[in-house]
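Kindly produce the complete structure, drawing on both the sequences and the hints.
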Amino acid sequence: MRIAILGFGSVGRGIARVLLAKDLGIAVTGLADSKSGIIDAGGIDLAAALARKEGGGPCGNPGVSPADVVAKAKYDVLVEVTPTNVETGEPALGHIREALRRHKHVVTSNKGPIALDYPGLRALAEANGVLLKYEATVCGAIPLIHAMQEGLAGNTISRLYGVFNGTCNYILTRMAAEGLTYEQALAEARELGYAEADPTYDVEGIDAGIKLVILANTILDLSTTLDDVERTGITLLSPEALQLAEDQDCTIRLIGEIIPDAGVLRVSPRIIPKTHPLVVEGTLNAVTVEADLAGDLTFIGKGAGSTETASAVIGDLLYIRERYVKGS
Amino acid sequence: MKLEMRDQPGQLVAALKPISAVGGNIIAVIHQRETSTPAETLDVQIVLELPEGRLPNLLELFRAQGINVVRIGEERLLYECTLIMIGHLMHTDLSDTVDRIDRTGSAEVTELSLVMPAIDTPSSARITIRSTTRAEMKKAMRILRAVAKQKDLLIIEPLEDA
Ligand SMILES: NC(=O)c1ccc[n+]([C@@H]2O[C@H](COP(=O)([O-])OP(=O)(O)OC[C@H]3O[C@@H](n4cnc5c(N)ncnc54)[C@H](OP(=O)(O)O)[C@@H]3O)[C@@H](O)[C@H]2O)c1
Numbered sequence: 001m002r003i004a005i006l007g008f009g010s011v012g013r014g015i016a017r018v019l020l021a022k023d024l025g026i027a028v029t030g031l032a033d034s035k036s037g038i039i040d041a042g043g044i045d046l047a048a049a050l051a052r053k054e055g056g057g058p059c060g061n062p063g064v065s066p067a068d069v070v071a072k073a074k075y076d077v078l079v080e081v082t083p084t085n086v087e088t089g090e091p092a093l094g095h096i097r098e099a100l101r102r103h104k105h106v107v108t109s110n111k112g113p114i115a116l117d118y119p120g121l122r123a124l125a126e127a128n129g130v131l132l133k134y135e136a137t138v139c140g141a142i143p144l145i146h147a148m149q150e151g152l153a154g155n156t157i158s159r160l161y162g163v164f165n166g167t168c169n170y171i172l173t174r175m176a177a178e179g180l181t182y183e184q185a186l187a188e189a190r191e192l193g194y195a196e197a198d199p200t201y202d203v204e205g206i207d208a209g210i211k212l213v214i215l216a217n218t219i220l221d222l223s224t225t226l227d228d229v230e231r232t233g234i235t236l237l238s239p240e241a242l243q244l245a246e247d248q249d250c251t252i253r254l255i256g257e258i259i260p261d262a263g264v265l266r267v268s269p270r271i272i273p274k275t276h277p278l279v280v281e282g283t284l285n286a287v288t289v290e291a292d293l294a295g296d297l298t299f300i301g302k303g304a305g306s307t308e309t310a311s312a313v314i315g316d317l318l319y320i321r322e323r324y325v326k327g328s
Numbered sequence: 001m002k003l004e005m006r007d008q009p010g011q012l013v014a015a016l017k018p019i020s021a022v023g024g025n026i027i028a029v030i031h032q033r034e035t036s037t038p039a040e041t042l043d044v045q046i047v048l049e050l051p052e053g054r055l056p057n058l059l060e061l062f063r064a065q066g067i068n069v070v071r072i073g074e075e076r077l078l079y080e081c082t083l084i085m086i087g088h089l090m091h092t093d094l095s096d097t098v099d100r101i102d103r104t105g106s107a108e109v110t111e112l113s114l115v116m117p118a119i120d121t122p123s124s125a126r127i128t129i130r131s132t133t134r135a136e137m138k139k140a141m142r143i144l145r146a147v148a149k150q151k152d153l154l155i156i157e158p159l160e161d162a
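For the record, the sequence lines run as chains A and B.
Heads up: the first sequence begins at 1 in the working numbering, then just goes up one per residue.
Heads up: the second sequence begins at 1 in the working numbering, then just goes up one per residue.
Honestly, I wouldn't trust all of these hints.
Now the stretches of chain B that chain A is said to cover, found in silico as 3 or more residues with beta-carbon under 8 Å [said to hold, decoys possible]:
| hint | region |
| --- | --- |
| 1 | 119-133 |
| 2 | 150-160 |
Estimated spans, in silico, between C-beta atoms of each pair [claimed, not checked]:
| hint | chain 1 | residue 1 | chain 2 | residue 2 | range |
| --- | --- | --- | --- | --- | --- |
| 3 | A | 184 | B | 93 | 25 to 33 Å |
| 4 | B | 4 | A | 154 | 52 to 60 Å |
| 5 | B | 114 | A | 235 | 18 to 26 Å |
| 6 | A | 322 | B | 121 | 56 to 64 Å |
| 7 | A | 57 | B | 113 | 54 to 62 Å |
| 8 | A | 221 | B | 78 | 52 to 60 Å |
Far from chain B, some chain A residues (derived; all Cβ distances over 12 Å) [stated by the list, open to error]:
| hint | residue |
| --- | --- |
| 9 | 2 |
| 10 | 225 |
| 11 | 279 |
Just so you know, these hints were derived from the structure itself, not from any lab.
These numbers come from a predicted model, not from an experiment.
Virtual Cβ for every residue (Gly too), placed ideally from N, Cα, C.
So, in C-alpha cells, the structure goes:
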C-alpha cells in the first residue's frame with residue numbers, strides 16, 4: 001500500500017520511524033512539510049528525509065508544495081498530520097477534500113477538519129468509494145473511536161466522560177501532589193514539552209471541547225460545534241481549592257462530558273474521588289463510556305506523543321488495507 | 001415518627017411491613033410503655049429513611065392497619081452536594097451567596113470551609129449543600145450557578161450528582 005504524508009512534525013516523523021522499524025508493507029510515495037515536498041512513486045527514502053528534517057532543514061524540495069503532493073503523487077491513502085486549525089480547518093480541509101475527490105482514502109490526526117465538517121467529508125468519501133479515518137484525533141493512542149464504532153456498535157451510549165487533555169491533567173496532578181500554583185505547574189509542563197508556548201488551546205478546554213464535538217458528531221449522531229460546548233478551563237484553579245478537595249479524599253480534574261439525551265456537552269473542572277478510575281496521573285487520558293448493553297467501560301492510555309499517536313494512525317492505515325486496498 | 005398501636009402480639013411487625021412495602025429503610029425502632037397512654041396501646045418511635053414522595057403512601061397504609069400516627073418528626077435533608085468555589089468570595093459577600101441558597105427553604109448550606117491565602121488574591125471555599133429532594137438540589141445548583149456568574153466566581157461541581 002502506498003501513502004502520502006502531509007506534515008512531518010511530531011506525528012509525521014513518528015509514523016516514518018514506525019514504518020522504518022516495522023515491516024508493514026507500507027511505502028511512502030509523497031511527503032510534505034510546510035515549506036517543501038517530495039514525490040517519488042518508487043518510495044521515498046524515509047531515513048534520509050528524517051535526517052534532513054532533524055538536521056533543521058526541509059524534508060524535501062522547496063519547489064514541491066503540499067497541494068502538489070495531494071494532487072500528483074501516486075498513493076492509496078493520504079495521511080494528513082498537519083497542525084489543527086479550529087476555526088477554518090484549512091489548509092487541511094481542502095487537501096482532504098481533494099484527496100477524497102481523487103478516490104483516495106484519508107487518515108488524519110487533525111481535529112479541525114473532522115470537528116468542522118465530518119458529515120460533508122464523510123459524504124464525499126462515500127460518493128468516491130473511499131474511507132475517512134480519524135482515530136488519532138481523540139485521545140492519541142486509545143482506540144476509542146474504533147471501540148465505539150465497531151466493538152460497541154449495537155449499544156446506545158447514555159453518557160461519555162473523561163480526561164481528554166493530557167496537558168491539563170499533568171498540571172492538575174502536579175498542583176495536587178506538590179501544592180504548586182497553576183503558574184508554577186504550567187511552567188513545569190512547558191519545560192517538559194507537555195505545554196505549548198501559548199497554552200490557551202489546552203488550558204481553556206478548547207482541545208477537550210473539540211474532541212467532544214468529534215465524538216458527538218461522528219459517533220453519537222449529534223450535530224454540534226465548539227460553540228455548543230459549555231467550557232471552563234483550569235487557569236483560575238488555586239492550590240487551596242485542590243487542598244480543600246484533598247481534605248475529603250477527592251481531587252480536581254478537567255472533565256469533558258457528553259450526555260446525549262440531556263443535551264449536555266461540557267468541559268469543566270470537577271471534584272472527583274481520588275479512587276475514581278478517571279483519576280489518572282500525569283499526561284494520561286481516561287474516558288468512561290456508559291453503554292446500555294456493555295455497561296460501563298473505562299479506557300486509559302496515552303493521549304499524545306509521537307509514537308503513541310502514530311499507533312492510532314497506523315491502526316487506521318492497516319484497517320483500510322485489510323478491507324479496501326487490493327493487491328497490497 | 002411516633003406511632004400509637006394496640007398492644008397485641010404481631011402489631012409491631014404489622015406496623016413495620018408497610019415501611020418496606022413503600023421502599024423505606026428502618027434505622028431504629030424504640031418502644032416503651034408510657035404511663036400516660038392507655039394500658040392497651042403501645043407507643044413506638046421509628047426512625048426511617050424513605051424514598052422521595054412516599055410518605056403519604058406510608059401514612060395511608062398505616063391508617064388501613066389501624067395504626068395511629070401521633071407525630072411525624074423532622075424530615076432530614078438526605079441529598080448532599082459538596083462543591084468548591086474560587087473567587088473574591090468575601091468582596092462579593094459570601095454570606096449573601098449562602099443566603100440565596102438558604103432562602104429557598106428547601107436546601108441549605110450546612111458546611112463551609114474557607115481559605116483566604118492573601119489580601120486581594122482569590123479565596124477558595126468548599127461548601128456542602130443539603131436538601132430533601134433531588135429536584136430541590138438541582139434548583140439550589142441553578143441558583144448557585146447564577147450567583148457565581150453574577151459575582152464572577154468559579155464553581156467546581158462534583159463529577160457525580162448528589
Ligand atoms: N503530537 C501529538 O501527540 C498529537 C496527538 C494527537 C493529535 N495530534 C494532531 O496531529 C497533528 C500534527 O501534530 P504534530 O504534533 O505532529 O504537529 P507539529 O509537530 O507541529 O508538526 C506539524 C507538521 O505539519 C507541517 N505543516 C504545517 N503546515 C503545513 C501545511 N500547510 N502543509 C503541509 N505541512 C504543514 C509542519 O511543517 P514544518 O515542519 O515545516 O513546520 C510540521 O512538519 C495536529 O493536528 C495535532 O493536533 C497530535
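Verification of the hints:
{"no.": "1", "hint": "119-133", "result": "holds (count 5)"}
{"no.": "2", "hint": "150-160", "result": "holds (count 5)"}
{"no.": "3", "hint": "184/A - 93/B: 25 to 33 Å", "result": "holds, 31 Å"}
{"no.": "4", "hint": "4/B - 154/A: 52 to 60 Å", "result": "holds, 57 Å"}
{"no.": "5", "hint": "114/B - 235/A: 18 to 26 Å", "result": "holds, 22 Å"}
{"no.": "6", "hint": "322/A - 121/B: 56 to 64 Å", "result": "holds, 57 Å"}
{"no.": "7", "hint": "57/A - 113/B: 54 to 62 Å", "result": "holds, 58 Å"}
{"no.": "8", "hint": "221/A - 78/B: 52 to 60 Å", "result": "violated, 37 Å"}
{"no.": "9", "hint": "2", "result": "holds, 46 Å"}
{"no.": "10", "hint": "225", "result": "holds, 22 Å"}
{"no.": "11", "hint": "279", "result": "violated, 10 Å"}
In terms of the numbered hints stated before, the structure departs from hints 8 and 11, listed from lowest to highest.
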